[in-house]
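**Q** This is what each chain is made of:
2 protein chains.
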Amino acid sequence: MSAEFDLIRSLQRAARPDSRTPLGIGDDAAVLNLAGRPVVCCDLIAEGTHFPAETPPDLVGRKALAVNLSDCAAMAATPTAAFVGLLVDRRRGFAYAEAIMGGLTELAEQFDVTLAGGDTATHDGPTSVCVTVVGTCEREVRRTGARPGDALLVTGSLGGSLPSGRHLTFPPRVAEAQALVAAANLHAMIDLSDGLLADCGRLCEASGVSAELTAEAIPVAEGAAGLRAALTDGEDFELLFAVAETDAVRLLADPPVDCGLTRVGRIGAGAGVTVRDATGEPLSFRTAGYEHQFAS
Amino acid sequence: MSAEFDLIRSLQRAARPDSRTPLGIGDDAAVLNLAGRPVVCCDLIAEGTHFPAETPPDLVGRKALAVNLSDCAAMAATPTAAFVGLLVDRRRGFAYAEAIMGGLTELAEQFDVTLAGGDTATHDGPTSVCVTVVGTCEREVRRTGARPGDALLVTGSLGGSLPSGRHLTFPPRVAEAQALVAAANLHAMIDLSDGLLADCGRLCEASGVSAELTAEAIPVAEGAAGLRAALTDGEDFELLFAVAETDAVRLLADPPVDCGLTRVGRIGAGAGVTVRDATGEPLSFRTAGYEHQFAS
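Quick note, the sequences are listed as chains A and B, same order.
Be aware that the first sequence starts at 1, since it is given in my numbering, and climbs by one per residue.
Be aware that the second sequence starts at 1, since it is given in my numbering, and climbs by one per residue.
Where hints are given, some of them may not hold.
Unchecked claim - Under 10 Å between C-beta atoms, here's a sample of chain A residues computed to sit facing chain B:
no.	residue
1	T120
2	G125
3	C137
4	L168
5	T169
Read the hints as simulated data drawn from the structure, not as lab findings.
C-beta atoms are modelled at their ideal positions from N, C-alpha and C, and glycine is treated no differently.
Construct all of the structure, not just a fragment, from the sequences and the given hints.
**A** Dropping the structure here:
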């Protein structure tokens with residue numbers, strides 16, 4: 001048996017049939033039993049672009065799934081099944097590919113996500129992992145529902161994710177999102193992949209509103225290079241959400257999550273994101289976030 | 001705006017909200033309205049491995065979706081929504097990436113599949129496209145139901161798909177599968193991606209049966225290099241299925257499909273696939289099919 005077929009077999013072993021995927025892996029497609037309305041997200045990570053070549057392969061697999069679980073969290077969805085498109089640098093060898101699947105499977109088990117299918121191949125080029133997660137939600141939280149007067153809250157702390165390695169080990173805020181929707185009416189939510197400033201801008205654009213962030217309120221992660229890092233580093237994978245002011249007061253008085261919850265600003269009319277210092281003066285930051293470029 | 005964000009915008013333009021994807025693209029995940037039990041498949045194709053570098057990009061995009069539609073067909077499922085993980089060689093430029101999405105979108109429209117989400121990035125390496133398709137089925141046709149005494153039928157003709165370029169332009173047999181399940185009780189089905197011999201072997205292994213193929217009955221495609229090509233070339237993306245003998249007679253007398261329908265053999269007890277010539281003598285072929293190898 002060749003390497004590709006061994007990989008599929010190792011995928012099959014990791015993915016035993018359960019009530020959610022009664023066929024297991026090994027047919028032309030997976031049949032899913034879902035407990036609610038399907039929510040689907042799809043993210044890819046590539047060596048040299050989203051992770052350095054020296055990244056331990058188990059953390060590569062972990063991250064490929066984790067970014068998708070974070071997307072599910074941002075919708076307040078419960079992830080159910082994962083599909084993995086794994087393209088491995090031929091020179092890496094079989095153990096490397098298996099370690100990627102191992103890290104992915106371990107996180108899947110932690111989040112009770114079933115590995116339900118996918119595709120594997122080797123090639124002469126960087127390794128990449130494209131994961132699609134199918135989940136369910138009762139009522140999804142979109143990016144579009146923020147209203148002027150809402151408070152903006154964020155989970156955890158921000159900045160320095162790449163230098164600290166947290167971009168490989170961050171805990172997707174799936175349970176936290178569930179606890180938050182159970183506790184309050186979240187108007188809009190997004191996960192922070194490209195930095196607070198850029199992703200807050202996206203939430204505002206989708207909702208047709210503006211936001212004012214309060215510089216000294218922003219929770220800067222330990223080891224992060226200050227406010228700028230917290231605003232623009234990216235890959236925090238924390239949740240940013242908008243709730244009515246009364247709900248914000250209630251959530252902050254008795255947080256339903258253990259990861260920290262901070263009020264970072266408020267929603268206004270108009271468009272755009274402003275960061276103000278303690279005196280109310282607007283600060284200027286390049287809206288960065290990580291963007292991939294063509295050479296030409 | 002950077003190239004990556006432009007790509008996402010071009011994806012958003014291609015993917016307008018409809019009743020099946022009420023949010024369209026642009027939130028953290030897609031919410032789907034499905035008309036039945038979810039069926040999900042995920043296949044990736046990479047430059048240099050599944051398509052040569054000189055392949056026109058619209059055909060790259062087309063193929064990336066088509067192989068998944070073929071998987072849906074093999075389950076007798078109706079494809080509904082596609083998710084695209086597109087990793088583009090940075091040196092190719094934006095027009096190349098857009099042409100991939102164009103070819104993919106055109107085929108999606110032909111099959112009434114909505115482009116519902118995905119992820120795009122550029123990198124220094126070969127282009128690859130990982131597509132996940134979510135569909136529905138009333139009753140899926142698995143690989144596992146073939147029984148001794150069943151007839152084995154195949155759609156279309158086989159062999160020479162790579163040299164003829166048909167591996168880029170083949171029509172996924174989605175409607176044909178629907179017509180076949182409406183006309184007969186299909187016991188087991190698989191799409192032919194790795195060649196009749198290898199894929200028939202997979203169907204037999206899954207069903208716990210053997211198969212005898214009749215050499216002179218196998219429909220060799222025009223331009224294919226004879227019987228060996230029809231058995232082992234791969235990338236035909238035709239359907240192989242097992243039905244009761246009485247159903248086979250009925251289907252062949254009045255085929256519910258226009259693409260051709262041929263009886264190629266029968267299912268027996270035991271294991272393995274044998275090809276016999278007109279005199280009943282077994283012929284020997286290496287069970288090939290295309291397999292990707294690690295260098296080490």
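**Q** Under 10 Å, Cβ to Cβ, is where A:L168 needs to be relative to chain B, so tell me if that hint holds or is violated.
**A** violated (17 Å)
**Q** Should the interface hint for A:T169 be scored as holding, given a Cβ-Cβ cut-off of 10 Å against chain B?
**A** violated (21 Å)
**Q** Any CB of chain B closer than 10 Å to the CB of A:C137?
**A** holds (7 Å)
**Q** Would the hint on A:T120 stand, with a C-beta cut-off of 10 Å toward chain B?
**A** holds (8 Å)
**Q** Given A:G125 was flagged as interface, is its beta-carbon under 10 Å from a beta-carbon of chain B?
**A** Hint on A:G125: holds, closest Cβ of chain B at ~4 Å, below 10 Å.
Consistency note: the structure conflicts with the earlier hints numbered 4, 5.
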